[in-house]
Amino acid sequence: MIDFSTLQGNTLWERWQYFAQTTPDKEAIIHWRAAEEPIRWTYASLVKTANKFSVYLKNIGVKKGDVCAIIIRHNPFFYPLYLGITGIGALPSVLAYPNPRLHPEKFREGLEGMAQRSGLDWILTETALEEIILPFVKNEKTTVNELFFPLEWDLEREISADTMEKINEIRAAIKPEEPMLLQHSSGTTGLQKPVVLSHHAILRHVENFGKAIMLSEKDKVVSWLPLYHDMGLIAAYHVPLASGVPTIQIDPFEWVLAPILLFLAASEEKATLAWLPNFAYNLMADKLSDEEMEGISLESLRMITNCSEPVRAESHQKFFDRFKKFGFKENALAAMYAMAETTLTVSQTTPGIRATELSVNRDLLSNGKLELTDDDSKKRVCVSSGKLIDECELKIVDDTRNKLGNNGVGEIAVKSISMFSGYRNYPEKTAEVLDDEGWYYTGDVGFMHNDEVYVIGRKKDIIIVAGNNIYPEDVEDIVSKVENVIPGRVIAFGEYDPELGTEQVSVVAETKLENKKDFDKLRVDILRAGMNINVNIHSVYLVPPRWLIKSSSGKPSRKANKTRILNGNDEQVWSKK
Amino acid sequence: MISDRLKNIICKELNLDPASIEITDETQAPEVPGWDSLNHANIIVAIEKDYGVRFKGLEVLKCNNVGALQRLVDSKTAK
Chain A
1 MIDFSTLQGN TLWERWQYFA QTTPDKEAII HWRAAEEPIR WTYASLVKTA
51 NKFSVYLKNI GVKKGDVCAI IIRHNPFFYP LYLGITGIGA LPSVLAYPNP
101 RLHPEKFREG LEGMAQRSGL DWILTETALE EIILPFVKNE KTTVNELFFP
151 LEWDLEREIS ADTMEKINEI RAAIKPEEPM LLQHSSGTTG LQKPVVLSHH
201 AILRHVENFG KAIMLSEKDK VVSWLPLYHD MGLIAAYHVP LASGVPTIQI
251 DPFEWVLAPI LLFLAASEEK ATLAWLPNFA YNLMADKLSD EEMEGISLES
301 LRMITNCSEP VRAESHQKFF DRFKKFGFKE NALAAMYAMA ETTLTVSQTT
351 PGIRATELSV NRDLLSNGKL ELTDDDSKKR VCVSSGKLID ECELKIVDDT
401 RNKLGNNGVG EIAVKSISMF SGYRNYPEKT AEVLDDEGWY YTGDVGFMHN
451 DEVYVIGRKK DIIIVAGNNI YPEDVEDIVS KVENVIPGRV IAFGEYDPEL
501 GTEQVSVVAE TKLENKKDFD KLRVDILRAG MNINVNIHSV YLVPPRWLIK
551 SSSGKPSRKA NKTRILNGND EQVWSKK
Chain B
1 MISDRLKNII CKELNLDPAS IEITDETQAP EVPGWDSLNH ANIIVAIEKD
51 YGVRFKGLEV LKCNNVGALQ RLVDSKTAK
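In order, the protein sequence lines correspond to chains A and B.
For the first sequence, this note's numbering begins at 1 and goes up steadily by one.
For the second sequence, this note's numbering begins at 1 and goes up steadily by one.
By construction, these hints were calculated from the structure, which means they are not laboratory data.
Treat each hint with caution, since some may be false.
Cross-link-like lysine to aspartate or glutamate pairs, in silico, EDC-like; alpha carbons within 20 angstroms at most [as the list claims (entries may be wrong)]:
#1 B/Lys76 to A/Asp290
#2 A/Lys324 to A/Glu291
#3 A/Lys576 to B/Asp17
#4 A/Lys106 to A/Glu131
#5 A/Lys106 to A/Asp399
#6 A/Lys517 to B/Glu13
#7 B/Lys12 to A/Asp399
#8 B/Lys7 to A/Asp520
#9 A/Lys521 to B/Glu13
#10 B/Lys62 to A/Glu292
#11 B/Lys12 to B/Asp50
#12 A/Lys460 to A/Asp399
#13 A/Lys577 to B/Glu31
#14 A/Lys576 to A/Asp520
#15 A/Lys287 to B/Glu48
#16 A/Lys517 to B/Asp17
#17 B/Lys56 to A/Glu292
#18 B/Lys12 to A/Glu291
#19 A/Lys287 to B/Asp50
#20 B/Lys76 to B/Glu48
#21 A/Lys211 to A/Glu393
#22 A/Lys166 to A/Glu131
#23 A/Lys138 to A/Glu112
#24 B/Lys49 to A/Asp286
#25 A/Lys521 to B/Glu31
#26 A/Lys415 to A/Glu177
#27 A/Lys521 to B/Asp17
Construct the complete structure from the given sequences, taking the supplied hints into account.
Here you go:
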């Protein structure tokens, strides 16, 4: 296991520099590309190129504390650029590369909302996106100074000693408690919450999490996770990079089309650690044929950790049953509980032991009571997210935020040394979730059993599709604007799809239309409206005027209408999935 | 050129009326309502089943539009 007490560096830059000096030829990042030779960064080559980016960034006017948004698709120069930003005390913030499905105007709107909230100062992107992003940068209201294309910069030029000295002066002035990065608590573009984390918070997390997963010099991470997502950015990028452990980075866009890439890379590189959202277990087990798996060995993988959406026992079993003959070990089935607000991990299952499964009484659980049962007709199998990592506390609270006793079921509140200090420029949201004693109220519902955390659902209405949080408000707003939908008379909710192992977005909309042909057309219009905000609406339920039940606030109630729809047997409801 | 058979498989999988949806050689997945990354795997499986062929992930990865997917199907069925 890595002895973290021996690792030097009180800031992330110092830590990377430490590895570049002590183990210059050690591999840091393996940039994986489908059917091509991977590109390998050593610590020395990474830091050397990062220095060049630092110089460029300083020359264009980037200053300490500035937020630099990076919108770059899988590219080997992403990594030294990211380091180079940190190397002059600015904050990298990775944003999602626009999916072709997303309407350019919606992408710009999302950027605008995010820029104002997060205070984006610079945008570093590719020339291919210039046309889409430029109108936003030229807009008078924008916070962004300018748009740059760092992949076009000439990195051949050597840095003079004088210039390097000035960069080093900037670096020496960076303090551990100062902000290091800005990540977004994942959500639909308009409603993302910016979280700023300090060098200290991240380095403490690297150590505490590293110990929890027994990280060793022999480990190698493999990941297709997007780096704008906390699990990809912290678990699969920052943690290995600040621990001297190589990480293999796969393009998320490529992985989703060819899920075999993860196993190909794991097998060829003998990777030991990976993180996946629950849907990926189902997708890979269902999609990968024996023919594609030919020659692949999963023996090296000691832990695949399930996180980012509710962990399902059936997904773990399906994955193990499918891949055991390729060397996948049962005790490599791990899980964790994590969020951007605590840098990442709150709890982690024990390495070498399959995530514990607990059969509890489903009905009692939904009424806030925990009772174990073996009765198949009554049980719900909950998967443990493991024990708390060091320097992290957790309590279960009731609706009035009073702490519940042993086996209480309620909202999960956490406190951690690696905690954020509040959402940037969002005091009202911060006040809602963070109390005076430093407890962060997560909105997740769960319980503790035998010192292990079990997450069973959410208090809020967020829909989690394949690890991405989608706010129903965003979907309802866009669907309300579709012709023939009665404005404001729409609800969106998540419907669990057991085959896919994730939730899918469902919409119920009131309409005055009456015949089936019109319904078909309206359904496609609603699907297209979702596409414009990069949300795939899976099920559309059309209902007549005044069908939706209102809540006390006068708005259609998501909960009551979801229950009514899922109960079925209502002749007034037209649907197609 | 896209065959009616391929178009029908895609539309059936996405519950779309083939008469009201235009799918050409140049059409890309994100332009078709409902064709997202999660449904992509289902569509590929439906095509494999209907034509009795198997695709490798890397072969599918190279298909950047429906025309390329049609050519992949054709190459597998030795048309």
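Here is how each hint holds up against the structure:
no.: 1; hint: B/Lys76 to A/Asp290; result: 18 angstroms, holds
no.: 2; hint: A/Lys324 to A/Glu291; result: 15 angstroms, holds
no.: 3; hint: A/Lys576 to B/Asp17; result: 12 angstroms, holds
no.: 4; hint: A/Lys106 to A/Glu131; result: 14 angstroms, holds
no.: 5; hint: A/Lys106 to A/Asp399; result: 36 angstroms, violated
no.: 6; hint: A/Lys517 to B/Glu13; result: 19 angstroms, holds
no.: 7; hint: B/Lys12 to A/Asp399; result: 46 angstroms, violated
no.: 8; hint: B/Lys7 to A/Asp520; result: 18 angstroms, holds
no.: 9; hint: A/Lys521 to B/Glu13; result: 17 angstroms, holds
no.: 10; hint: B/Lys62 to A/Glu292; result: 16 angstroms, holds
no.: 11; hint: B/Lys12 to B/Asp50; result: 12 angstroms, holds
no.: 12; hint: A/Lys460 to A/Asp399; result: 12 angstroms, holds
no.: 13; hint: A/Lys577 to B/Glu31; result: 18 angstroms, holds
no.: 14; hint: A/Lys576 to A/Asp520; result: 8 angstroms, holds
no.: 15; hint: A/Lys287 to B/Glu48; result: 11 angstroms, holds
no.: 16; hint: A/Lys517 to B/Asp17; result: 10 angstroms, holds
no.: 17; hint: B/Lys56 to A/Glu292; result: 6 angstroms, holds
no.: 18; hint: B/Lys12 to A/Glu291; result: 27 angstroms, violated
no.: 19; hint: A/Lys287 to B/Asp50; result: 16 angstroms, holds
no.: 20; hint: B/Lys76 to B/Glu48; result: 10 angstroms, holds
no.: 21; hint: A/Lys211 to A/Glu393; result: 16 angstroms, holds
no.: 22; hint: A/Lys166 to A/Glu131; result: 35 angstroms, violated
no.: 23; hint: A/Lys138 to A/Glu112; result: 11 angstroms, holds
no.: 24; hint: B/Lys49 to A/Asp286; result: 14 angstroms, holds
no.: 25; hint: A/Lys521 to B/Glu31; result: 16 angstroms, holds
no.: 26; hint: A/Lys415 to A/Glu177; result: 18 angstroms, holds
no.: 27; hint: A/Lys521 to B/Asp17; result: 9 angstroms, holds
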